[in-house]
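S.K.: Here is how the chains run, residue by residue.
Number of protein chains: 4
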Amino acid sequence: MLYFINDYSEGATPEILDKLRESNLTKQAGYGSDEFCILAKEKIKEAIKTDAEIFFVSGGTQANKIVIGSILKNYEGVIAADTGHISVHEAGAIENTGHKVFGLRSKDGKLAADDIKKFCRDFYVDVNHEHMVYPGMVYISQPTEYGTLYSKKEIEEIKSVCNEYNIPLFIDGARLAYAIGSSECDIGLEDIAKLCDVFYIGGTKCGALIGEAIVFTNKELSKHFFTNMKLFGAVLAKGRLLGIQFDTLFSNDLYKKLGKKGVDTAIKIKKALIEKGYELYIDSPTNQQFIVVDDATRERLSKDIGFGFMETLQNGKHVIRFCTSWATENEDVERLIAVL
Amino acid sequence: MLYFINDYSEGATPEILDKLRESNLTKQAGYGSDEFCILAKEKIKEAIKTDAEIFFVSGGTQANKIVIGSILKNYEGVIAADTGHISVHEAGAIENTGHKVFGLRSKDGKLAADDIKKFCRDFYVDVNHEHMVYPGMVYISQPTEYGTLYSKKEIEEIKSVCNEYNIPLFIDGARLAYAIGSSECDIGLEDIAKLCDVFYIGGTKCGALIGEAIVFTNKELSKHFFTNMKLFGAVLAKGRLLGIQFDTLFSNDLYKKLGKKGVDTAIKIKKALIEKGYELYIDSPTNQQFIVVDDATRERLSKDIGFGFMETLQNGKHVIRFCTSWATENEDVERLIAVL
Amino acid sequence: MLYFINDYSEGATPEILDKLRESNLTKQAGYGSDEFCILAKEKIKEAIKTDAEIFFVSGGTQANKIVIGSILKNYEGVIAADTGHISVHEAGAIENTGHKVFGLRSKDGKLAADDIKKFCRDFYVDVNHEHMVYPGMVYISQPTEYGTLYSKKEIEEIKSVCNEYNIPLFIDGARLAYAIGSSECDIGLEDIAKLCDVFYIGGTKCGALIGEAIVFTNKELSKHFFTNMKLFGAVLAKGRLLGIQFDTLFSNDLYKKLGKKGVDTAIKIKKALIEKGYELYIDSPTNQQFIVVDDATRERLSKDIGFGFMETLQNGKHVIRFCTSWATENEDVERLIAVL
Amino acid sequence: MLYFINDYSEGATPEILDKLRESNLTKQAGYGSDEFCILAKEKIKEAIKTDAEIFFVSGGTQANKIVIGSILKNYEGVIAADTGHISVHEAGAIENTGHKVFGLRSKDGKLAADDIKKFCRDFYVDVNHEHMVYPGMVYISQPTEYGTLYSKKEIEEIKSVCNEYNIPLFIDGARLAYAIGSSECDIGLEDIAKLCDVFYIGGTKCGALIGEAIVFTNKELSKHFFTNMKLFGAVLAKGRLLGIQFDTLFSNDLYKKLGKKGVDTAIKIKKALIEKGYELYIDSPTNQQFIVVDDATRERLSKDIGFGFMETLQNGKHVIRFCTSWATENEDVERLIAVL
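Chains as they are written, first to last, in this note's numbering: chain A, 5 to 344; chain B, 5 to 344; chain C, 5 to 344; chain D, 5 to 344.
No wet-lab data here; the hints were simulated from the structure.
There could be a bad hint or two in this list.
Heads up, the list lumps identical chains together, so a pair's fine if it works in one copy or across two of them.
Listed below are the simulated DMTMM-like cross-link pairs for lysine to aspartate or glutamate, each with C-alpha atoms no more than 20 Å apart in a straight line [stated by the list, open to error]:
| id | residue 1 | residue 2 |
| --- | --- | --- |
| 1 | Lys321 | Asp130 |
| 2 | Lys275 | Asp22 |
| 3 | Lys77 | Glu224 |
| 4 | Lys111 | Glu283 |
| 5 | Lys122 | Glu315 |
| 6 | Lys47 | Glu57 |
| 7 | Lys122 | Asp86 |
| 8 | Lys31 | Asp336 |
| 9 | Lys31 | Glu338 |
| 10 | Lys264 | Glu160 |
| 11 | Lys227 | Glu80 |
| 12 | Lys272 | Asp130 |
| 13 | Lys280 | Glu160 |
| 14 | Lys227 | Asp130 |
This is chain A alone, in the form it adopts within the complex (with noise of 0.2 Å):
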């Protein structure tokens, strides 16, 4: 069976596993105050070439639960895309913290600047919003959970219109990686620094057993931060895993190779795809590619292949989804395309 049903079916980078065993008795401190941290920390910020307070976690619902929950203020809530993954797939871990999420309506799983716009605008021009939930903040992914990519402009749109109502722009990057390794991406990791006010560096998705990356470029945002990640359960007493791992991913440019051919071996895929007449859902430039497929061709590409089942249409078709990572081999990829 080929298995493209998701990016986190296999374990890590082999650069991962060497670095574990290397260290495994080096003595340490804990929670993240281990040699193994600060360096991965400088790497980034020389990675990001900005200053930072950089943090590490073990997954993305959690980074999102915790960059959220610690910023908001009692009466705030969060825009986001309603396909948005904090909007939908976090069984209410936003919602635990005590804030609403605004799941405004998207298209091919991105906010548009002007809909963020009408909206805050629409909430201060309301007589009534005193009695209603502010906006305090905005909430994006890159890439989306549909593959897509915001351009660099389309980000700065976003992050001007957050200036404007005085709210911070926070980008999930579980997936970064397979953004920055994707030519169609004109929008790299100093300009993500840049232009928001703090981003995650997914590990997980991207070459790590676990682990993301927090980063604050408004540093003004982590006070206490890693207070709020303690309350939130998320520091581990071993926190050199984390760091080890980052280390290690931002080591020779490995982040970004990892994520490059994770985005390749979709996009063989995609150009197989469009070749063999099959229908796109979406047209996506990073690891993920999207499908509209009928019963039949469902069921006889199941036979041969794991992919991911992600709607049915209302037309009665399926959107199904063909994933890669940094771990796809290029030998599967051509045995996927055989059977397509």
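Please arrange chains B, C and D on chain A, whose structure you already have, making use of the hints.
M.R.: Leaving out everything else, chains B, C and D in the frame of chain A:
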């Protein structure tokens, strides 16, 4: 510098690193549905000789937060020792879930069944108790934060009070290996499982990189626990990381062996301390040894030894801790004894 | 200036003030244990012709917050119309308890049973539903925020969906007097009580100074509700203030009479609006009447009449509201009609 | 039966009922924007002789919950006497907002500045304090739950510690009338206002039907407090009910007069108690008088007198409370004394 500061300053027992490498490219389902998690659960159920619902999370505070936060009702609080981890060192993680921690006076880190009983009885006889937080759970640590152990009889008595007031008993086993690895421990995994409603088996401090196994022997309490884990940000996409570790720890009796190694080295240190006339702060049969020293001694020892500083007593003397673990080398113990 | 802005711009029906004065120095037990609360509960149970657990609180948002916050489990959310009060105008009071509000598309302020059914069915067929918020309750308002009414059949259908998915139905009756006071309402208090699990009878907008009576006909859901009220800050030391009011409102059929008066004046206005060629925004059979006006009309009317502004439509016209209540004078209605 | 059980067993001072009747049909804006609220705020500002942001809510637990819940940050807790209302009798209302209550040992219901200082100093010298709840506010009650009073000097000292640690001081004035009505009170409303950041003026126990006036003299802390009130369910549609009452209480020095009446009757009782040889439990200069009695006395007194039962001491004797209020009749006091 000799390093006896804590029990989480190294990586993992080598068997775990081997298994990680060996399984690295095996494709597995996400979120804890992988083969390793399934296998690990089976092995734990064998070890505790009872049926149970088992879940793996990353750390101890997280385990405590989710278990307590998902079981208690709005109007309930949790009874704990005033020295318990949830009372002091979790930055309000429990209160953040909306619940009060009743910090009852403890002795040697332990709660007495009689004190719990008095607390509950006083609560229910108070005519105003509907205006107060209800006792909704009892939380104890085995071994305690001071290295001491509850006997089987003591836990039976506590459970009996719990039954009388119809509240569950939760045992924090962050260092459980060092309890069952101690020759003075008369209550093994089987008994623990029988006597409480839910407990967790600590991995992080007992040989794993990260990870705790939450075991519900009262399965009624575990309904929808996976979704609770998700909304608290505790579900790992690569759940295999936890499954692989617990699978390893519960193969070939490794968990108990690692615990025994940690205790044996500690007891060697304890004997030396007594012989050399040091004042024990507490009589601990497990991997943490506490002594009382004056300024001069503290300073002298700190030249060669890394140890934990706990508190300064009213008489000006200090409580310090030597902590061993599964990774402690006998050679280092000899050198420590020489310095002492 | 004629005042048709809302239904809470006066004090209380005079019978309540009389009763407050008459009882003023009678000494009573606190926190809702007074004779008046007991009496009021008996009278409400007579009116709904069924046994129930009844609690009095100060306002509607408070009632919604405590009922929802005390019934839902961590991983559950509440289904509501996207125009429902809890979806829009409670400043995140529900999310503040940790729960998501699912704002389903509504028509004329109403939820359709079929839409609720589709939502629940889609949830359970989703393979990822354990990563999502569970539907845990249905919330509807009778009358709705747009003055419309659910028929008995519609509520039966909704309840049937609730039963299918084993979730309770909660009815917000902030303006319930204006439902049962309407000639177009085919579902009285008795039926409401039978068809839902919990509802509240609005006092604040229906003749009282403040106060809502929360009625649990599904008594299982009301366990420890007093302590839930306390911890949400809703218990009044002088609970008598609420007991006296509901005792009065449920004597001599006063509640229904006050409702009828509010509706009758509104219907008089509605007829005049239609006759004079105004465009109704919605066909409301209760005390709120909504019309669509252009700029000029809005300005002209605002010279003599206080009315509510709801929103500006895409065509530039405005939705405004004339609201009557138990306190509306026929004379003012005549004058309003003259101005129209 | 003579009734000295508590200070909330009657309705309101008659001036309030008069004003309610007189204003009953006056049409007013909702949610606290009415003329009476505006007027009441002006009068309170005159009384405290300082500028402030003022908000009215329904009850004491509600006031405490919203003030504390809206000021504290995630990682902060509130320091209170272990006998403080928020520590014991609010059913976890504070913890429900996600915050820990640090119940410091108290004497006669009072916190000492030195103990607060020691607590804060110990916190910051602890190397692990980032793993602990930060002290974020000090809460005291004037008068205390045991009827005792802080002197001006004592509150100055407490405020000085607050300033040192940069945390606000919040004073619960549920019975404030009985502090300023006592001849032994050397700190009036003006001083209170100057010395703390926020306090509330109790209405419910001091002559009103319901209501507390929250006064922020540190206006920075009151930002968006209205929306905080809303999301905690505390905004009344008919805010006039609170405005009218505080307008009345702060006209003609009525608030202080009512307080004085409550204290004068209590002191009369206290003198009689001393003369007749009863053992005072505490030396209270306000409207609550506590004595220690044996079984026989308790039973004898309970035949004719309603009093509060507080607790049974270790020696088997009981602490009981005689409580007076603005409504206590001199005649009843004479009869009480006769029975004593």
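S.K.: Run every hint past the structure and note whether it holds.
M.R.: Evaluation of the provided hints:
1. Lys321 / Asp130: Answer is between: at 16 Å across copies they meet the 20 Å cutoff, but 42 Å inside does not.
2. Lys275 / Asp22: neither (35 Å within a copy, 39 Å between copies)
3. Lys77 / Glu224: Both. Shortest intra-copy (15 Å) and inter-copy (14 Å) distances satisfy the 20 Å Cα cut-off.
4. Lys111 / Glu283: Within one copy only: 18 Å inside, 35 Å across.
5. Lys122 / Glu315: between (30 Å within a copy, 14 Å between copies)
6. Lys47 / Glu57: Intra 13 Å, inter 42 Å, cutoff 20 Å: intra-copy only.
7. Lys122 / Asp86: Cα proximity of lysine 122 and aspartate 86: in one copy and across copies (16 Å, 18 Å).
8. Lys31 / Asp336: between (41 Å within a copy, 13 Å between copies)
9. Lys31 / Glu338: between (45 Å within a copy, 18 Å between copies)
10. Lys264 / Glu160: neither (24 Å within a copy, 57 Å between copies)
11. Lys227 / Glu80: both (19 Å within a copy, 13 Å between copies)
12. Lys272 / Asp130: This pair counts as neither: shortest intra-copy Cα distance 50 Å, inter-copy 30 Å.
13. Lys280 / Glu160: neither (37 Å within a copy, 52 Å between copies)
14. Lys227 / Asp130: So lysine 227 and aspartate 130 pass the 20 Å test across copies only (19 Å; inside, 33 Å).
Checked against the numbered hints above, the structure violates hints 2, 10, 12 and 13; every other hint is satisfied.
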